[in-house]
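**Q** Throw the hints in and build the complete structure from the sequences for me.
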Amino acid sequence: MEFFRIKKDLPFMRHALTFNIISLITFVLAVFFLATRGLHLSVEFTGGTLVEVAYAEAPQLEPIRSALATSGYPDAQVQNFGSSRDVLIRLPNREDLDTTKVSERTMATLQAVGGAPELRRVEFVGPQVGKELASDGAMALLLVIFGIVVYLAMRFEWRFAVSAIIANLHDVVIILGFFAFFQWEFSLPVLAAVLAVLGYSVNESVVVFDRVRETFKKKRGLTTPEVLDHAITSTISRTVITHGSTQMMVLAMLLFGGETLHYFAMALTIGICFGIYSSVLVASPLVMWLGVSREQFIKPKKEKEEAVV
Amino acid sequence: MNRYPLWKNILIGLVLFFGLIYTLPNFYGEVPAVQVSSGKATLKLDASLNGTIEQALKDAGIEHTGLFSDANSIRVRVASTDVQLRAKDAIEKRLNPDPRDPSYVVALNLLSASPNWLTSINALPMYLGLDLRGGVHFLLQVDMPGAITKRLDATAADLRTLMRDKNVRHAGITREGNNVLLRFRDAEQREAARKAISASTADLQLTDRDDASDDLKLVATLGQNAQKNIRDFAIKQNITTLHNRINELGVAEPVIQQQGLDRIVVQLPGVQDVAKAKDILGRTATLEVRLVDETPGALEGALAGSVPLGTELYNERGGSPILVRNQVVLTGDRLTDAQPGFDGQTNEPAVHLTLDAAGSRIFRDVTRENVGKRMAILLIEKGKGEVVTAPVIRTEIGGGRVQISGRMTTQEASDVALLLRAGSLAAPMEIIEERTVGPSLGAENIAKGFHSTLWGFVAIAIFMSVYYMLFGLVSVIALAANLLLLVALLSLLQATLTLPGIAAMALTLGMAIDANVLINERIREELRNGVSPQAAIHAGYERAFDTILDSNITTLIAGIALLVFGSGPVRGFAVVHCLGILTSMFSAILISRMLVNLLYGRRRKLESVSIGQIWKPGN
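Residue numbers (my numbering), protein chains in the order written: chain R, 5 to 313; chain U, -2 to 616.
Just so you know, the hints here were simulated from the structure itself, not pulled from any lab data. Computed from a prediction, not measured in an experiment: that's the story for all the values here. Check the hints yourself; a few may be wrong.
[Stated by the list, open to error] Computed spacing ranges between beta-carbons, pair by pair:
| hint | chain 1 | residue 1 | chain 2 | residue 2 | range |
| --- | --- | --- | --- | --- | --- |
| 1 | U | V216 | R | T40 | 27 to 33 angstroms |
| 2 | R | A138 | U | D334 | 37 to 43 angstroms |
| 3 | U | L467 | R | Q187 | 44 to 50 angstroms |
| 4 | U | L603 | R | E230 | 30 to 36 angstroms |
The C-beta atom is built at its ideal place from N, Cα and C for all residues, glycine as well.
**A** This is the structure:
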């Protein structure tokens, strides 16, 4: 079987501008939603208490809400989680209440409402911990960016490093944009997925760049856009197959992984789609516009200076 | 050109063989077991207990399938849950003859069912995180400023005593923030004080501060080193105390470890009763110093049943009964440190205690009045006391440094020191994070994680074999080897597997196939360009190598950043991700190459290779 039967190099670079404008619009939209709606951060970041309970029969949520309100939590969020029999309750941190007793009190309140709830999971996170997690996450992101730029600049050229990181940060921002737009819960596993996508997406760009470098070295007389077109065309089969395989894995997680892995797999799915797009249609044109050329890869032969007598 | 030297094949074979062995324990599952741990801080588990347990089981006619002991517990594996209950009863009856005062905690537990020979070469199953097995998780914050303040208060009192002993006149000693302030009326006395303090301790840094001509001050601050020592001590002591307390819950494999500078993680797998767990974490054991009643005949009378008024009958460690007065001379609150060491003169093992200033004064007075008598040191746990040691007072002891020696081995000395420290927390703690995961949710999480990995793998395997034919099959085998090596490595490192960890495993497998796709595509490309099959295989692997290296290193950079800055689930993800990248490079490059070499390498005239259709433009 051979999916890709390409006779001539596909003219990706001819449409570079169009794709980049689309990219830019998506990016701006993502930033817009991030700014206006913000991320729906999980309890790990915001601090607070999260209680997950399972009932034998689907419970009425309204009595639970009012019972919690009378026991001192007017701002409790009560919602179904996964199925109508599973209920998720979120309680924000309160200064005046002894935080360590919150889960016990909540369970007592739920038992009073009736329906024999079974405790599945309780998470209590102090406000300090949440802040630290957020700052640690930001540090991790910075470290990834720095590490990748340095490595690519060493292995390739600074132009490749800059374009790769711009293209891939654009992926990350777009994933975050999706989470902001749909108000999906942004939890620690999602953060891990986002950072993994950054690594994964750069990986993608690297494969294309590798080909670009090789083509520059091997083939003479090609213009820069032609070289890029050739590099992308000759790796496109691998790009699609690899992403397809990874996506199959992620799809399995989305289908069988349950609620806990749902948003993790979702972030990866978006990351994979935009990963292909950005490495082919964002990173490569950026390299071109930054002025990559053959001379940067062919080391000029040092002419022997002859001793002047 | 496509042949590996024999040593390389053997090496890869060996790696796979060890991979298989260390992966094995994960497949055996768990069988019921009975766990015995010490119920009292004063009681240590030793080798003789193994024999006692074995004898108890033998007498009850119960067969066990293995007895394992470590520093904190002894575990006996049995065949079924019925036997487990009977075994627990038998052991309980033998070890705790008095059910109201149990010396040992006998609890039901689960153990890996892998055969003994695997366990003996340290091939153990992966440790499952709480999200996969259920239990409670606490993150405790140690109040370090509290510990420092406590020490400064003690220091202020110490300095007062010191000034009095050295006859230095001062106009008041107070603690102000993180400093101790000494006031003086003239510079001469201040100089004298400075000398006295420098001679007695190196922990304090002294600076002058003159607010007025008749208000001279000496500001004492704790040096960086001293502060660090206080913090280290506080966290170590709190962990020790938590260990002692949690022991009582009879939890199978509790995790109690330091996280960062001032936090302690406590994980109790299988525990569902959060309220009880919190209650036990917060419980304190106390230390008391009392005098021994040595009135002739009193002990005999007490043993006969009439305990004299104002005294209590206790058992000394080691067995002999002892009569102790009710009046408490000192409590553990006055103890600032206890360290094992040696007697300066006789060189026999000893325990060195440090008391705070108030404690020292009391201790000096009591010892002066009771030279030649015995003094008992009691540890009170759960409302029950035990005499740790009851030495004879030889001379008056001043200065707050007390030495307990006599009839002790080095090991006993360090145990006693630990015990004396174990009673109370060095600094208060607060729960800042708490998680409870129900056991059914844990089992569900395992099943979900397993299914997603399995179906993803199957989908990839089918696609690869159809698209790349034999080479695809080779890639699938390499991918399976990758999973094998990853699980083996995780088991070997005894890493904790969590749900994000399983997700990382699935993702890593999805990404690992990339290297094989790169190689296979390269070979196809070479063939398309008319290169001979052998040369194409060679060139395919050679050329793809650089790309594989570059792309994996960039992914690894991201993984390492997650590892460094992540905590909790992110770290669980990162560990598996990073290891997975390493094993995938090994399997994609070396294992698949080896297989291809074995398949095609020996053939001189190779007409074609089974790598699916090669479409040439022009056909």
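**Q** Taking the earlier hints as the rules, which of them does this structure contradict?
**A** Number 1 - this is the single hint that the structure violates.
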